[in-house]
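Heads up: the sequence shown begins at 1 in this note's numbering, then just goes up one per residue.
Don't read these hints as lab results, they were simulated from the structure.
Check each hint, because a few of them may be wrong.
Cβ-Cβ distance ranges computed for the label pairs, FRET-style [what the hints assert, rightly or not]: (1) A68 x I197: 34 to 42 Å; (2) P207 x M293: 40 to 48 Å; (3) E279 x M309: 47 to 55 Å; (4) E78 x D297: 38 to 46 Å; (5) C77 x E49: 15 to 23 Å; (6) C77 x A46: 34 to 42 Å; (7) P209 x L42: 49 to 57 Å; (8) G246 x E279: 51 to 59 Å; (9) P209 x A69: 19 to 27 Å; (10) E279 x R336: 19 to 27 Å; (11) L95 x E279: 26 to 34 Å.
All of these numbers come straight from a predicted model, not from anything done at the bench.
All C-beta atoms, glycine included, are put in the ideal place defined by N, C-alpha and C.
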Amino acid sequence: MAGVTLVTGAAGFIGFHVSRRLTGLGRPVLGADVVDAYYDPLLKEARLEILAANPLFRFERIDLADRAAVADLFARCEPTRVIHLAAQAGVRYSLENPHAYVESNMVAFVNILEACRHAGVEHLTYASSSSVYGANTTMPFSVHDNVDHPLSLYAASKKANELMAHTYSHLFGLPTTGLRFFTVYGPWGRPDMAMFIFTKAILEGRPIPVFNHGRMRRDFTYIDDVVEGVIRTSDKVAAPDPAWRGDDPDPGTSRAPFRVYNIGNEAPVELSYVIALIEKELGLEARLDLLPMQPGDVPATCAEIGDLMRDVGFRPATPIEEGVGRFVSWYRSFYRH
1 MAGVTLVTGA AGFIGFHVSR RLTGLGRPVL GADVVDAYYD PLLKEARLEI LAANPLFRFE
61 RIDLADRAAV ADLFARCEPT RVIHLAAQAG VRYSLENPHA YVESNMVAFV NILEACRHAG
121 VEHLTYASSS SVYGANTTMP FSVHDNVDHP LSLYAASKKA NELMAHTYSH LFGLPTTGLR
181 FFTVYGPWGR PDMAMFIFTK AILEGRPIPV FNHGRMRRDF TYIDDVVEGV IRTSDKVAAP
241 DPAWRGDDPD PGTSRAPFRV YNIGNEAPVE LSYVIALIEK ELGLEARLDL LPMQPGDVPA
301 TCAEIGDLMR DVGFRPATPI EEGVGRFVSW YRSFYRH
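Take the sequences, apply the hints, and build the full model.
Shown next, in the form of structure tokens:
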């Protein structure tokens, strides 16, 4: 598959949409995923079924923590670019199963870095997370801020990815771009995400667990906007920043071919407002179970996206009202509810 883009996590929420958009643009995609049971594998298989209908898509079922399997995949398929979206997601689950994050988010990432290095991949774009901002409270969150105080192992694993990527960019000249996603939502979303949980609970007449008594503020970012940001940044190969200085280091750039971007809507909303929008779309009233903050959570997130706009000419713009409507419509159709 000449000129192929390897998309890891292709059966996942963002990976599915990125793969679908790329093949829709006429670009060949090699999807890779282990299709684990962290959430309903049937949802993942349904995504793969849609992708498989496009002849430009090919799929490999693989555990990226298996070093030999990753090396073999790269040797056989020779990807030109890599968009690494496979990961063990979820902040709260990292409190219960920390080892899953080490295997999926760190061991697998080293394997991807090594494979990219030896295969001469022209650009590695990978998923980071807004969680890396951790204890930071200055809003909006900027890629030029220091992010050395993560509040969960999930966040620490994503920060580790950025550090590991920089090392390979510095030592081997591998261009890498990390994308800090801010609360991605939309059709085909993950069942462990707030919007999915809220919609399902309201339809089933169950109370919704609402942390921080509904006052949590999140920079919800619609999936189509995220996909556009992923593809644009992948197409812009990371380059060294000639203005970078070691005596005043900028965390967002480097003298190596390394970049980090926020992809967020720059418009945080309270969870209580999101619940109200879902209620309106469903024509049903939610039962709320108001709870305190959970360990590892942060009260608010908001992305500063000046670098994204300057470098790739894009800013997410889908209003939350529009995005919620699309998600609820998909949910009712897919689950026939």
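Here's how the hints hold up against the structure:
no.: 1; hint: A68 x I197: 34 to 42 Å; in the structure: holds, 38 Å
no.: 2; hint: P207 x M293: 40 to 48 Å; in the structure: violated, 18 Å
no.: 3; hint: E279 x M309: 47 to 55 Å; in the structure: violated, 34 Å
no.: 4; hint: E78 x D297: 38 to 46 Å; in the structure: holds, 42 Å
no.: 5; hint: C77 x E49: 15 to 23 Å; in the structure: holds, 21 Å
no.: 6; hint: C77 x A46: 34 to 42 Å; in the structure: violated, 24 Å
no.: 7; hint: P209 x L42: 49 to 57 Å; in the structure: violated, 24 Å
no.: 8; hint: G246 x E279: 51 to 59 Å; in the structure: holds, 53 Å
no.: 9; hint: P209 x A69: 19 to 27 Å; in the structure: violated, 38 Å
no.: 10; hint: E279 x R336: 19 to 27 Å; in the structure: holds, 20 Å
no.: 11; hint: L95 x E279: 26 to 34 Å; in the structure: holds, 30 Å
In summary, the structure is inconsistent with hints 2, 3, 6, 7 and 9 from the numbered list given earlier, while agreeing with the others.
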